[in-house]
Amino acid sequence: MVLRVLDRMGRSREPAEGSVPQKGDRIVWTLFEHDQRVGPKLPDPEETPWTHGGPPRADLAEAPDPVTGEDFL
Numbered sequence: 141m142v143l144r145v146l147d148r149m150g151r152s153r154e155p156a157e158g159s160v161p162q163k164g165d166r167i168v169w170t171l172f173e174h175d176q177r178v179g180p181k182l183p184d185p186e187e188t189p190w191t192h193g194g195p196p197r198a199d200l201a202e203a204p205d206p207v208t209g210e211d212f213l
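Take the sequence shown: its letters are residues 141 to 213, numbered as in this note's numbering.
Treat the hints loosely; a few may be bogus.
Claimed, not checked - Label-pair distances were calculated between CB atoms; the ranges are:
1) PRO204 to ARG177: 43 to 49 Å
2) HIS192 to GLY164: 49 to 55 Å
3) SER152 to GLU202: 55 to 61 Å
4) ALA156 to ASP199: 54 to 60 Å
5) PHE212 to THR188: 35 to 41 Å
6) ASP175 to PRO155: 49 to 55 Å
7) VAL142 to LEU182: 39 to 45 Å
8) VAL142 to THR170: 48 to 54 Å
9) GLN176 to GLU154: 46 to 52 Å
10) PRO185 to GLU210: 45 to 51 Å
11) LEU200 to VAL168: 40 to 46 Å
12) VAL178 to GLU157: 45 to 51 Å
13) ASP199 to PHE172: 46 to 52 Å
Derived from the structure by calculation, the hints contain no laboratory data.
Here a beta-carbon is modelled for each residue, glycine too, at the ideal position from N, C-alpha and C.
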C-alpha cells in the first residue's frame, strides 16, 4: 500500500524526517472512535460560581442602600 499525506502535517509543506513511515517500514494499525475529540464539558449553570457567570446566590446578596437625597445630583 502507498500512502500519500497531503494535509495536516504540522508547520511545513513536507513532513519532518522520520514522521512518516518509509517504504518497507513495519507499521501497526489500530481502531479508534471517529467522534470529535473535544475538551471537558462545562458545568451546569447551577454549579458555576458567580465569578464565572453562574447565577448569584440570593442568600449571599447584600441589600442595596436605601435611596436618599444625596443619590440625586
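Quick rundown of the hints versus the structure:
no., hint, result
1, PRO204 to ARG177: 43 to 49 Å, "holds (47 Å)"
2, HIS192 to GLY164: 49 to 55 Å, "holds (54 Å)"
3, SER152 to GLU202: 55 to 61 Å, "holds (58 Å)"
4, ALA156 to ASP199: 54 to 60 Å, "holds (58 Å)"
5, PHE212 to THR188: 35 to 41 Å, "holds (37 Å)"
6, ASP175 to PRO155: 49 to 55 Å, "violated (26 Å)"
7, VAL142 to LEU182: 39 to 45 Å, "holds (44 Å)"
8, VAL142 to THR170: 48 to 54 Å, "violated (20 Å)"
9, GLN176 to GLU154: 46 to 52 Å, "violated (28 Å)"
10, PRO185 to GLU210: 45 to 51 Å, "violated (37 Å)"
11, LEU200 to VAL168: 40 to 46 Å, "violated (56 Å)"
12, VAL178 to GLU157: 45 to 51 Å, "violated (32 Å)"
13, ASP199 to PHE172: 46 to 52 Å, "holds (47 Å)"
Violated hints for the displayed structure, listed by number in ascending order: 6, 8, 9, 10, 11, 12.
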